[in-house]
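A.B. asks: Sequence:
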Amino acid sequence: MKRKPFKLFVSFVLMLVVSCDEPKTVVTNLVHQDGSVTRKIEMRNIKNIFKLSGLQVPFDSTWAVNDTIEISEKGDTTWIKRAEKLFKNIDEINLTYKRDSGANKDISRHAGFKKRFKWFNTEFRFSEKIDKKLSFGYPVGDFLNNEELLYFYSPENVKHDKENSVDSLKFRALSDSVSHKTDTWGMKSLVSMWIGEFTYLTEGKAENDMSMKSLKAREDEFVNIVGADSEKFDSLWGNGIILKKFIGEDNALKFKAEVDTAIESVTRNFFVNFKDYSVRIVMPGKVIGTNGFIDSSEVLLWPVKSDYFLTEPYEMWAESKIPNRWAWIVSGLFLVFVLTGVIIRVIKKS
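Just add 515 to wherever you are in the sequence shown, counting from 1, and you've got the working numbering.
Read the hints as simulated data drawn from the structure, not as lab findings. None of the values given here were measured: they were computed from a predicted structure. A couple of the hints might just be wrong.
[Claimed, not checked] Here are the computed lysine to aspartate or glutamate pairs in the EDC-like style, where the Cα-Cα straight-line distance is at most 20 Å:
(1) 720 <-> 765
(2) 820 <-> 830
(3) 620 <-> 822
(4) 566 <-> 791
(5) 555 <-> 736
(6) 759 <-> 724
(7) 760 <-> 736
(8) 562 <-> 537
(9) 555 <-> 585
(10) 596 <-> 638
(11) 647 <-> 537
(12) 759 <-> 779
(13) 629 <-> 830
(14) 731 <-> 810
(15) 771 <-> 830
(16) 555 <-> 638
(17) 820 <-> 663
(18) 562 <-> 585
(19) 539 <-> 575
(20) 836 <-> 638
(21) 600 <-> 575
(22) 703 <-> 663
(23) 703 <-> 734
(24) 677 <-> 657
(25) 677 <-> 575
(26) 600 <-> 557
[Said to hold, decoys possible] Just the calculated beta-carbon pair ranges, DEER-fashion:
(27) 720 <-> 661: 22 to 32 Å
(28) 690 <-> 845: 17 to 27 Å
(29) 811 <-> 727: 12 to 22 Å
(30) 646 <-> 586: 23 to 33 Å
(31) 559 <-> 680: 24 to 34 Å
(32) 855 <-> 629: 38 to 48 Å
(33) 567 <-> 715: 34 to 44 Å
(34) 841 <-> 682: 43 to 53 Å
(35) 763 <-> 715: 12 to 22 Å
Backbone N, C-alpha and C define an ideal beta-carbon position, used for all residues, glycine too.
Could you put the whole structure together from the sequences, leaning on the hints where they help?
C.D. replies: Here it is as structure tokens:
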């Protein structure tokens with residue numbers, strides 16, 4: 516089996532790869548009280564290229580589509596494609612995801628909706644969730660503190676504004692810290708993934724010192740070995756020297772086929788074929804909880820990137836409530852009735 520350079524995908528694990536033909540896409544979900552959702556997609560591109568097979572979010576001929584262009588003061592042209600459709604329920608949205616043949620068709624995405632009656636209020640919850648890709652990785656929260664996590668998940672324009680604000684030095688230092696720690700997160704998750712795949716392939720064939728438990732206990736050792744020889748990584752890995760340091764020369768030769776197969780599997784799963792986009796949600800009533808950000812139009816916003824769902828599910832959710840006016844009226848009338856009864860009884864006794 517042809518050996519793929521391990522360093523190749525280590526170097527690019529957290530790199531954002533943007534195609535020149537990739538439109539900047541924003542999906543807006545207008546959630547209605549009955550569970551139906553008006554879904555709008557806006558795609559902007561510097562070229563008039565909107566191939567369905569290359570788009571981030573699926574839509575088809577059943578959508579209402581409108582094409583326009585914008586010309587800036589400098590004469591730059593932006594092509595805009597807008598699509599809109601009313602989905603009767605969440606199942607229809609999820610069916611669209613299942614049938615997706617676009618750029619992100621290999622990513623498992625699904626929406627959810629809940630409606631709860633609580634007498635004085637009716638509460639709603641809408642979510643979009645992307646399943647994780649790696650079985651043996653670590654949550655990024657194991658490596659970042661709360662402030663760093665907030666920065667990690669922030670939209671790019673929010674990061675840019677902070678890094679160019681009066682507190683620019685603070686936020687640039689924060690950016691450097693997040694970058695360094697997510698590199699460590701990526702490396703540890705990658706090594707963990709390789710150990711998981713390798714021990715699965717060698718189960719029942721290797722000794723106890725080659726079990727998942729044993730190799731996981733030495734995981735930091737493997738990460739340090741990789742880091743120490745990073746400049747010569749390709750040749751050292753290709754010659755089997757790094758693996759020999761970690762699992763021993765005899766095991767490296769004995770399980771060469773399993774080593775290569777594990778590398779192939781990790782490469783295939785770590786390189787997520789995904790094109791970024793953004794999600795916006797407009798809820799019925801007053802928002803009472805969310806993990807999203809507020810954009811310039813006061814709408815909830817989430818960036819969607821591949822590193823967000825590498826090692827754990829990425830869920831974008833919002834909750835809102837609408838007061839049940841009739842319940843307040845009924846409760847008020849009932850209270851008046853009770854108070855009136857109490858007063859009448861007091862008067863009679865007196």
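A.B. asks: For each hint, tell me whether it holds in the structure or not.
C.D. replies: Tested hints:
A threshold of 20 Å between alpha carbons decides the hint, and for residue 720 with residue 765 the separation of about 14 Å falls inside it, so the pair holds. Annotation: proposed proximity of residue 820 to residue 830 holds, straight-line Cα distance about 12 Å (limit 20 Å). The suggested pairing of residue 620 with residue 822 holds, with an alpha-carbon distance near 17 Å, which does not exceed 20 Å. Proximity of residue 566 to residue 791 is assessed by CA-CA distance (about 16 Å); at most 20 Å being required, the pair is judged to hold.
With a CA separation close to 49 Å, the supplied pair residue 555 and residue 736 exceeds the 20 Å bound. Taking the CA atoms of residue 759 and residue 724, the gap is near 14 Å; set against the 20 Å cutoff, the hint holds. A distance of roughly 10 Å separates the Cα atoms of residue 760 and residue 736; the hinted pair therefore holds under the 20 Å criterion. Proposed proximity of residue 562 and residue 537 is supported: the alpha carbons are some 9 Å apart, at most 20 Å.
Pair hint residue 555 plus residue 585 holds up; C-alpha atoms about 19 Å apart against a cutoff of 20 Å. For the given pair, residue 596 sits about 34 Å from residue 638 by alpha-carbon distance, which is inconsistent with the 20 Å threshold. Note on residue 647 and residue 537: the hinted pairing is violated, with a Cα-Cα distance of about 23 Å set against a maximum of 20 Å. As the CA atoms of residue 759 and residue 779 are separated by approximately 19 Å, the hinted pair is consistent with the 20 Å bound.
The hinted pair formed by residue 629 and residue 830 meets the criterion: a straight-line CA distance of about 15 Å does not exceed 20 Å. With a C-alpha separation of about 42 Å, the suggested pairing of residue 731 with residue 810 is violated against the 20 Å cut-off. Distance check on the hinted pair: residue 771 and residue 830 sit about 39 Å apart at the alpha-carbon level, beyond 20 Å; violated. Straight-line distance between C-alpha atoms of residue 555 and residue 638 comes to about 23 Å, which puts the hinted pair past the 20 Å bound.
With a C-alpha separation of about 17 Å, the suggested pair residue 820 and residue 663 falls inside the 20 Å cut-off, and the hint holds. As the CA atoms of residue 562 and residue 585 are separated by approximately 12 Å, the hinted pair is consistent with the 20 Å bound. A C-alpha spacing of about 18 Å is found between residue 539 and residue 575, which places the hinted pair at or below 20 Å, so the restraint holds. Straight-line distance between C-alpha atoms of residue 836 and residue 638 comes to about 4 Å, which keeps the hinted pair within the 20 Å bound.
At most 20 Å may separate the alpha-carbon atoms for a hinted pair to count; residue 600 and residue 575 meet this at roughly 10 Å. About 18 Å separates the Cα atoms of residue 703 and residue 663, which keeps this hinted pair within 20 Å; it holds. For the hint linking residue 703 to residue 734, the alpha-carbon distance of about 8 Å falls within 20 Å, and the restraint holds. Restraint check for residue 677 and residue 657: not satisfied, since their Cα atoms lie roughly 24 Å apart, outside the 20 Å limit.
Taken as a hint, the residue 677 and residue 575 pair is broken in the structure, with Cα atoms around 38 Å apart against an allowance of 20 Å. For the hint pairing residue 600 with residue 557, the CA-to-CA distance comes to about 12 Å; that is within 20 Å, so the pair holds. Range check, residue 720 to residue 661: about 44 Å between beta-carbon atoms, so the 22 to 32 Å window is missed. The beta-carbon spacing between residue 690 and residue 845, approximately 54 Å, falls outside the hinted interval of 17 to 27 Å.
Between residue 811 and residue 727 the beta carbon distance is about 48 Å. The supplied range of 12 to 22 Å is therefore violated. About 41 Å separates the C-beta atoms of residue 646 and residue 586, a value inconsistent with the hinted range of 23 to 33 Å. Checked against the given bound of 24 to 34 Å, the beta carbons of residue 559 and residue 680, roughly 26 Å apart, stay inside it. A hinted range of 38 to 48 Å holds for the C-beta pair residue 855 and residue 629, which are about 39 Å apart.
The beta-carbon spacing between residue 567 and residue 715, approximately 37 Å, falls within the hinted interval of 34 to 44 Å. Separation of residue 841 from residue 682 is about 49 Å and conforms to the stated range, judged on CB atoms against 43 to 53 Å. Look at residue 763 against residue 715: about 19 Å separates their beta carbons, and that is inside 12 to 22 Å.
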